[in-house]
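Visitor: The chain contents come next:
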Amino acid sequence: MGNMTQSLMTVDTLTVEYWTRKGKIRAVDNLSFSLEKSETLGVVGESGSGKSTLGLSLIDLVPFPGRITRGKIVLNGKEILKLQKDELRNLRGKEICYVFQDPMTSLNPVKKIGDHFVELIRTHEPQVTKQQALERAKKLLRDVGIQPERVSDYPHQLSGGMRQRVMIALAIALNPAIVVADEPTTALDVIVQAKILDLLNALRDAYGMALILITHDLSIVLQRSDRIIVMYAGQMVECAPSTEIYLNPKHPYTQRLLKSIPNIELADQKLEAISGSPPDLLNLPKGCRFWPRCYYAFEKCRREAPPLIETGTEHFARCFLYEEGRKA
Amino acid sequence: MTLRTYIISRILLTIPMIFILLTTVFLVMRVLPGDPVMLHFEKMENPEAMALMRTRLGLDKPLLFQYFDYVIGLFRGDLGLSMQDYSPVAQQIFSAFPATLELAICSMIIAVLIGIFLGVESSKAYNRPKDQLIRVFGIVTYAIPVFFLGMILQMIFGVGLHWLPVGGRIYPAMEPTGLSIPLSLPPGGFITHFLLSSLAGLFLLGVYFAVAKVKHKKLSRKDYIISLALFVTGWLLWAGIGWYCISNGGIRVATGLFTIDSLLEGNLYKFGLTLKYLFLPSLTLGLVLCGIFIRITRSNMLETLRLDFVTAAKARGLKESTVTYGYALRNAFLPVLTMMGLQFAMLLAGAVLTETTFSWPGLGRYLIDRINFRDYTAIQGTVVVFGILVSIVSLAIDLLYAYLDPRIRL
Amino acid sequence: MKKLKIKKSMLSHLLPGLTSLTKRGLAGWLVIFGAILVIAVIVMTALSPWIAPHDPSALTVGPRLSPPSTQFPFGTDDLGRDMLSRVISGGGVMLQVAILSVIVCLIIGVPLGLFSSHTGGVIDRFISLIMDSVYAFPGFILAIAFTVVLGRGVINMALSIAVVYVPSYFRIIRSQVLSIKEMSYIEAANAAGARKRTVLLRYILPNVVPSIAVVATVNFADAILTAAGLTFIGMGVPVNIPDWGWDLTNGRNLLPSGAWWVITFPGLMIILLALGFTLMGEGLSELLSPKLEE
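Chains as they are written, first to last, in the numbering used here: chain A, 1 to 328; chain B, 329 to 738; chain C, 739 to 1032.
Since the hints were derived computationally from the structure, they do not count as laboratory data.
Any given hint could turn out to be false.
What the hints assert, rightly or not - Mimicking BS3-like on lysine-lysine, the simulated pairs with C-alpha atoms at most 30 Å apart in a straight line are:
{"hint": "1", "chain 1": "A", "residue 1": "K111", "chain 2": "A", "residue 2": "K37"}
{"hint": "2", "chain 1": "A", "residue 1": "K22", "chain 2": "B", "residue 2": "K541"}
{"hint": "3", "chain 1": "A", "residue 1": "K130", "chain 2": "B", "residue 2": "K458"}
{"hint": "4", "chain 1": "A", "residue 1": "K37", "chain 2": "B", "residue 2": "K452"}
{"hint": "5", "chain 1": "B", "residue 1": "K598", "chain 2": "A", "residue 2": "K111"}
{"hint": "6", "chain 1": "A", "residue 1": "K37", "chain 2": "A", "residue 2": "K195"}
{"hint": "7", "chain 1": "B", "residue 1": "K541", "chain 2": "A", "residue 2": "K82"}
{"hint": "8", "chain 1": "A", "residue 1": "K37", "chain 2": "A", "residue 2": "K94"}
{"hint": "9", "chain 1": "A", "residue 1": "K259", "chain 2": "A", "residue 2": "K24"}
{"hint": "10", "chain 1": "B", "residue 1": "K543", "chain 2": "A", "residue 2": "K78"}
{"hint": "11", "chain 1": "B", "residue 1": "K598", "chain 2": "A", "residue 2": "K82"}
{"hint": "12", "chain 1": "A", "residue 1": "K94", "chain 2": "B", "residue 2": "K452"}
{"hint": "13", "chain 1": "B", "residue 1": "K458", "chain 2": "A", "residue 2": "K138"}
{"hint": "14", "chain 1": "A", "residue 1": "K24", "chain 2": "B", "residue 2": "K543"}
{"hint": "15", "chain 1": "A", "residue 1": "K78", "chain 2": "B", "residue 2": "K389"}
{"hint": "16", "chain 1": "A", "residue 1": "K72", "chain 2": "B", "residue 2": "K452"}
Claimed, not checked - Label pairs and their calculated CB-CB ranges:
{"hint": "17", "chain 1": "B", "residue 1": "G654", "chain 2": "A", "residue 2": "Y246", "range": "21 to 29 Å"}
{"hint": "18", "chain 1": "B", "residue 1": "G495", "chain 2": "A", "residue 2": "Q157", "range": "41 to 49 Å"}
{"hint": "19", "chain 1": "B", "residue 1": "K389", "chain 2": "C", "residue 2": "P976", "range": "29 to 37 Å"}
Note that beta-carbon positions come from the ideal geometry of N, C-alpha and C, so glycine has one too.
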């Protein structure tokens, strides 16, 4: 999975559980991957697949009653989960930044836009004066395509797309190594979506940071990411470079996902939905978690849970179809 | 409904409530026991004294007349005469009131501070041992009889450790006297006085013109007339009040609240002494009341802390204290304010017991004294005053809340 | 006949309801724990003539004002009475006052609330206004006023407390009734031609019972604290019955001499009893309207 010693960040057997009254829910089950510098990683999955939890766990902000029960996250040589509170706080916003899904509720309604930046910059770099911070804020707004005068506006005076841009500007403000964007476009309309995604990529090139794009929409990440992780019911079911995912999807789930993307060039395309629904995480089926919805499911799938199997260079799939000695 | 409508309707509502209150107290205290005079004397020892009391207190008139006397008297500020020495009850209540006010304010401050602090801590440690502990603490403090808590604190801090006094408000020699400025005619006599008055008038005039200039108003005849009126008013005020103070030897400003008075006097030793005596009683009452503040702060914080922008703020690496106090606490402010008003009634009730425990010379202890003396007119007067106080405070809180909460405005 | 049917169905729901309390998380445990406290105190008081080591009113059973020892675990007071026996027997007055006041409140407050809210109109508003006025008034002071006028004694104390508390029952019932009235099954019943009284008793009342239970437990707790307070200021029972409140008043004078045991143990008992009811009330209200617990 890449050169472990050189990777920007490595996640090792990460497990996140929600301890609810009805039982323990494993939102993220034994996930491992690595992220390289300036790489864009796409994390795709349905709602409930655990992708948002994964994102939040990278900065150790999994909401109660969730807790990280296993695993290591190493960023630039530092183990995130073992850090003291203050060191962790220093990391957030500065080395790894998070862009939240809903721009409507992510900004403080009683603070001006400029004040958000001032607060952020001065928390991490206390020697910066308010004036200097505001200047930087204006420059950042320009970078994301917002008029700099907007620093004195309140969040409710901006449109949804602009608020999302502000969130992105806040995320890149301190030149982080990684930006995690959780469904950055779901709350926005289609045209704005494309703009925001292009913006993210442009910023990535300009600032040289790594980007983790979390989304349920495979089409978004196919073009814009270097590698893609597909998640299902908390597990990683496929991991490969995005071109591989597009041309050569191995896991049946990924294949179905691809088939459900509308293609404007195919006139008579029949969209195929995936039958069934995601499993109840409190009552997981025995064996492979996907077998009830899998076209290819056979006897072994029902009994045993498949491990991740290497099916090609840097291409992994969690499916018995690719077991040694089986013909797909 | 608009703010104005609300204010008017709310004030209008208070009037019948106060009336019901007055009538109820009258019914309970005058009608129910039958003959208050008889109850006061218990045995038919001295029929002459009894008849005398009846006449002097107006208790021999028919009930309906008594009722009217009572209500009209209240408007004039007359609460009747004490059965003990025929001195005006209103006077006695007025002199006992500041002590209770001081105790009430301090207790409320303590209760709110403890409540908010523990409520915040509790919400931050949601469902963990600290949270459970604080919640239990809030419940337990409510279940403790306030006088028992007072006595325990007296035992520990007063008798056991000898750190704090056990009772009373201060010892007589040390009563703060407030601000006293002796005044007499300035050198030059009346002429200087009148000149100074002119200065005062000019001052008002000048302020008016300055304000007008700032607002870029064009000066018209109306403005000149107003300025002349201001000059005269200023002159009269200075001259009149000055003369009054001079003829009385000086100004004396005393609130009756020893904390403020001792500071006005500039005597820090008295201030410290006041605090020493004030500490235990207000701590007692504050502890008993803090439970509800813990609860509402906690629930408000929990709601706010769940909001996205709080998580987003944490994700930007902002300090814990910034996030908690800057972002989330603002939301708890308004409910705490309302609750302060609602708790006022409980505060007064608790004050009665606290004052008795700590021999605090306030309205509560006055009430108990009068009860022990079977002074029914005084008891009636005190109960009425308590009721009116509560009505006014709740009215004030409701109005303030309406002003601050934008939802009612629209 | 109809009334009997209602009661039987309520009972059959009650028993399995009780056992399920343990499964309802923290709230359920609060109710259980509170109930245990309360029942323990009641049993102790009821059995006091048999389990108290000495006669609580007997003078000089031991040396005067002696601190807790093996012979007298809770010490003795200034008249040489055994504090342990006094603590065991002292709850009687308070429990009587509390129970009596709750009964009075139920008898007066519940029907009044039902009647007022069901009738509506001017009568409702008038009664509500009176109730609100009384409710806003500092309860303890009103109780004092009543006791002053009525005299001392268990019944009078209970009546005073009841008067103060009736508005609470009234308000809760009224708000519950008003909200239930909005619901469609009442409309359905009315549309089917049910008599007003039937609607009231068979539909509304059973739904209001849980809230009444919550108010009643808080009422109990407050009644105990108020009774203690009234005794403290001298408005308690005139006869020399062992009473925790009385011990507190008496013990107060003994504090400067350092005799801490006279007030501590009776005080703790009062706290335990009030706490028991409060916990039950907390638990019940949480069970009935779960708030923020996940």
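Visitor: Now look at each hint and say whether the structure bears it out.
Guide: How the hints compare with the structure:
Among the hinted pairs, A/K111 with A/K37 is inconsistent with the structure: their alpha-carbon atoms are about 34 Å apart, more than 30 Å. Straight-line distance between C-alpha atoms of A/K22 and B/K541 comes to about 72 Å, which puts the hinted pair past the 30 Å bound. For the hint pairing A/K130 with B/K458, the CA-to-CA distance comes to about 38 Å; that exceeds 30 Å, so the pair is violated. Between A/K37 and B/K452 the alpha-carbon distance is near 36 Å, which puts this suggested pair outside the 30 Å criterion.
Of the pairs offered as hints, the one joining B/K598 and A/K111 is violated, with about 45 Å between alpha carbons and a cut-off of 30 Å exceeded. Taken as a hint, the A/K37 and A/K195 pair is honoured in the structure, with Cα atoms around 24 Å apart against an allowance of 30 Å. About 65 Å separates the Cα atoms of B/K541 and A/K82, which puts this hinted pair outside 30 Å; it is violated. Distance hint between A/K37 and A/K94 is fulfilled; the C-alpha atoms sit about 16 Å from each other, no more than 30 Å.
Between the alpha carbons of A/K259 and A/K24 the distance comes to roughly 33 Å, so the proposed pair goes past 30 Å and is violated. Distance check on the hinted pair: B/K543 and A/K78 sit about 62 Å apart at the alpha-carbon level, beyond 30 Å; violated. Taking the CA atoms of B/K598 and A/K82, the gap is near 54 Å; set against the 30 Å cutoff, the hint is violated. Between the alpha carbons of A/K94 and B/K452 the distance comes to roughly 24 Å, so the proposed pair stays at or under 30 Å and holds.
With a CA separation close to 43 Å, the supplied pair B/K458 and A/K138 exceeds the 30 Å bound. Pair hint A/K24 plus B/K543 does not hold up; C-alpha atoms about 68 Å apart against a cutoff of 30 Å. For the given pair, A/K78 sits about 91 Å from B/K389 by alpha-carbon distance, which is inconsistent with the 30 Å threshold. Restraint check: the Cα-Cα separation between A/K72 and B/K452 comes to about 26 Å, which is no more than 30 Å; the hinted pair holds.
Distance hint check for B/G654 and A/Y246: the Cβ-Cβ separation is about 46 Å, which falls outside the suggested range of 21 to 29 Å. The hinted window of 41 to 49 Å between B/G495 and A/Q157 is violated, with their beta carbons roughly 60 Å apart. The supplied range of 29 to 37 Å is met by B/K389 and C/P976, whose beta-carbon atoms lie about 33 Å from each other.
In terms of the numbered hints stated before, the structure departs from hints 1, 2, 3, 4, 5, 7, 9, 10, 11, 13, 14, 15, 17, 18, listed from lowest to highest.
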